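Peer 1: Once you have looked at the hints, place chains B and C on chain A.
Residue numbers (the numbering used here), protein chains in the order written: chain A, 1 to 355; chain B, 1 to 95; chain C, 1 to 241.
Derived by calculation from the structure, the hints in this document are not laboratory data. The structure displayed is predicted, hence computed values, not measured ones. Ideal placement from N, C-alpha and C gives every residue a C-beta, glycine not left out. Please note: incorrect hints may appear among the correct ones.
[Stated by the list, open to error] Partial list, derived from the structure: chain A residues whose beta carbon lies under 8 Å from chain C:
| # | residue |
| --- | --- |
| 1 | R97 |
| 2 | A338 |
| 3 | K344 |
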Amino acid sequence: MYGNDFSAEDAPGGGLLGEVEAAEAALRAAAERGRRGGPAPDEDLAAYFAAVVDADQKIEPRDWMPEAYRKTLIRQIAQHAHSEIIGMQPEGNWISRAPSLKRKAILLAKVQDEAGHGLYLYAAAETLGVSREELVDLLLSGRQKYSSIFNYPTLTWADVGAIGWLVDGAAIVNQVPLCRCSYGPYARAMIRVCKEESFHQRQGYEILHTLAHGTPAQKAMAQDAVDRWWYPSLAMFGPPDTDSTHSAQSMAWKIKRFSNDELRQRFVDMCVQQAEVLGLTIPDPDLRWNDERQSYDFTQPDYAELMRVISGDGPCNRQRMAHRRAAHSEGAWVREAAAAYAAKRAQQQKEKVAA
Amino acid sequence: MSKEQAPLWEVFVRARRGLSHTHVGSLHAPDAELALRNARDLYTRRQEGVSIWVVPAAAITASSPDEKDAFFDPAADKVYRHPTFYEVPDGVAHL
Amino acid sequence: MNGPFDFTLALGDDALIAAQRLAEWTTRAPEMEEDIALANIALDQLGAARLLLTYAGELEGAGRDEDALAFLRDDREFRNCLLVELPNGDFAVTMAKLLFLAAYQLPLYTALAGCADERLAAIGAKARKESAYHLDHSSLWVKRLGDGTEESHRRMQAAVDQVWPYTAELFAPAPDAPVDPATLRGQFDATVAAVLGEATLTRPETGWAPAGGRDGVHTEHLSYLLAEMQVLHRAHPGARW
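Here chain A stands alone, though its shape is the one from the complex:
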């Protein structure tokens, strides 16, 4: 809806959008093929579940599923939803100061989309038998995490651009494979989210492109933002494969379809050319093309820092959580009023019927 005026040729992410379309087509095709019937009375349920997943069919909410599969999905979808909701804060920080009315409208629409994505994902998680209230409580009490990237501050307007280009870019690389996730509601939610997010990445790229071709002060602002957001963005793909605890089982269940390192590499390979078009420098002196691997060699992010931020000691962890808790608790009287009003109306309705 917004950011349409950016020419398609140099907009990044076209290939990824194609993958979203392909995932959507595959989902329709799988539905066409029809799932095999339910398990026979004496059939092993685990074998039945595995057969459905192996056939690239979707598991739907009332299907039997292993408890660990359900738990893994709830954790992953919930953390994804929390990330969308907390992720509104760093960018929301610049809505009031956006430098033009057009940019203000785009940013407001983008942050609003993130709230929408959070709600799509909470709804998908709820199909697994957990309530919104429980999920919100898990976030507010700190028992479930959100993406660590949102614990970094947005210090300048260029950070809005860098978040769009790098953070949304990394998120899309992460999320596109999830459009083929074995759990139907999650896969469908991700298709919708990815389609809507393509504009997010484009608007970020456009902001940086404009700044990088603007005044010297604007260009410096853009480079500074890329310098600060590059490594945290690489860390978004999670710890290296050698240290990743959940990966193997999630890959077998087709919840996850590529390893952390594979996705990180794909992201780096995408960004290099995009940075060249921007005229900005990726802050990695060891970044170079490896002809043998047909990929770029690059410096890994500081995983010790990632762990520190995950455990709560990033620059903004406390601020983000305090903000979310305050919004929730300050809104309690409003939610109570709405519930009381609804109860009164329902009671009046009942009395009318009885009379």
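Peer 2: Frame of chain A, contents of chains B and C only:
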């Protein structure tokens, strides 16, 4: 249900004239009026619909996917497990 | 507020400042669903502001575009009503402000849709549909807060009492303007009376009636709002964004 947690509603959207309403997802709202407004804001931000239905999730009786209820999670009363998210949306403008 | 330029500028400023205040709710709304609704309304107001300020700039003929008008004027040059610049307060204050604004903007834009100026008529035709939604949304909430719990009733009544005096300014006569605001008073009163009645709320007596926004004499709040809104744009004179 606590007094704070608003009930769950299933949302159905008619994308264009000539098509039937299709399930697109769910949301929370304290009553039907607000559910309808919330549905408009959440599921039709990009003009995806010409008509919306909201239905209390608790009012839906869902069949089991197959003949043997006993094989499925013993939570047939938890209808909120049923809402499949939605039919894949039609293409978003400009993509 | 007389000629088409002053009139268009005042309407554009109303919408812009209302959008800026509503957008402050982003990430802070009482429920996540409401966060989305408030952002929608802010986007509507911002969209109307852009159309109106762009047209005001053309009417003026001095080469000022929407951004020059939004970011490079000082508070004394803004022509918005005081109502929209008041701080958000709690959710009840925001809903009271929105109810009164929408109950004014709906008949205003409806009248504008039938006016002789084609550009203003087109803007009115688009914006009145949005105002109808804003009125619907704020009415739903005012009723729920007014007739909800004891606490919400107390807060909602206090909000109405606090904001009501600022509505008088909206209807100052301007017989030469494309739409004379004085002619909208009857519809506004009827709309508000119906909502407040259903919400079990009392309309305050009209007494103190602060004004001055249309002449550029504002509350202390506007200058702070503009300082925040304009800071980045002004720090880079002439830059493109």
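Peer 1: Going through the earlier hints one by one, which of them does the structure break, listed in rising order?
Peer 2: none
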